[in-house]
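Novice: Assemble the whole structure, with the sequences as input and the hints as a guide.
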Amino acid sequence: DIQMTQSPSSLSASVGDRVTITCRASQAISDSLAWYQQEPGKVPKLLIYAASTLQPGVPSRFSGSGFGTDFTLTISSLQPEDFATYYCQKYYGVPLTFGQGTKVEI
Amino acid sequence: DVQLVESGGGLVQPGGSLRLSCAASGFTFSTYAMSWVRQAPGKGLEWVSYFSSSTSTTIYYADSVKGRFTISRDYAENSLYLQMNSLRAEDTAVYYCVRVKFGSYSFDYWGQGTLVTVSS
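Protein chains in written order, with our numbering: chain A, 1 to 106; chain B, 1 to 120.
Keep in mind the hints are simulated off the structure, nothing from the lab.
Please note: incorrect hints may appear among the correct ones.
[What the hints assert, rightly or not] Cross-link-like lysine-lysine pairs, in silico, DSBU-like; alpha carbons within 30 Å at most:
#	chain 1	residue 1	chain 2	residue 2
1	B	Lys-101	B	Lys-43
2	B	Lys-66	A	Lys-45
3	A	Lys-42	A	Lys-103
4	B	Lys-66	B	Lys-101
5	A	Lys-42	B	Lys-101
6	B	Lys-101	A	Lys-45
7	A	Lys-45	B	Lys-43
8	A	Lys-103	A	Lys-45
9	B	Lys-66	B	Lys-43
10	A	Lys-103	B	Lys-101
11	B	Lys-66	A	Lys-42
12	A	Lys-42	B	Lys-43
13	B	Lys-43	A	Lys-103
None of these values were measured; they are calculated from a predicted model.
Specialist: Printed below as a string of structure tokens:
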């Protein structure tokens, strides 16, 4: 099975910071990657699919890039509501594996 | 609006069974694939099972539940189900019903989840 590894596991940042989270696949997965945000106590929310396509309604400060094995989620200017845990998910075949998550803290 | 409402969670003893239900509304249920995703307390997300749209009957399971869980759907009732047998402590989690985004295997809508606790 293809494994998904996120880094870092957690990070501390301030409002206005540029934040980058990395997700690495153990084998090439084309652009079959999604990113989710889960605020504390809330349901996960799809941010990006196909590695770089923003889900409708998601603020443009979120962006995704990558292809093959290495992917990044970037928040250009961190807002108070962005403090959450972020997960990548690959969908190049089954199982539909999530990364272990990256917690973005103040 | 798309709504996914899970039910059926609760406390069950190891080795027991539960059947989760998900009532879908606000979209044409038959044209979307559906999945179950779970999250153990304080842990990350784990995909559990997938059921294709009505154009086919393609079903997948995570290795951790294969042979114990069965996914099904009722197009007349716009409902998705997860029959869980031989439950183990490690199956304790919030179970989310999720809609699979058309054209990808990402998950664009999530229910609020139902908690399953496996404990004696």
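Novice: Going back to the hint list, which numbers does this structure go against?
Specialist: The structure breaks none of the hints.
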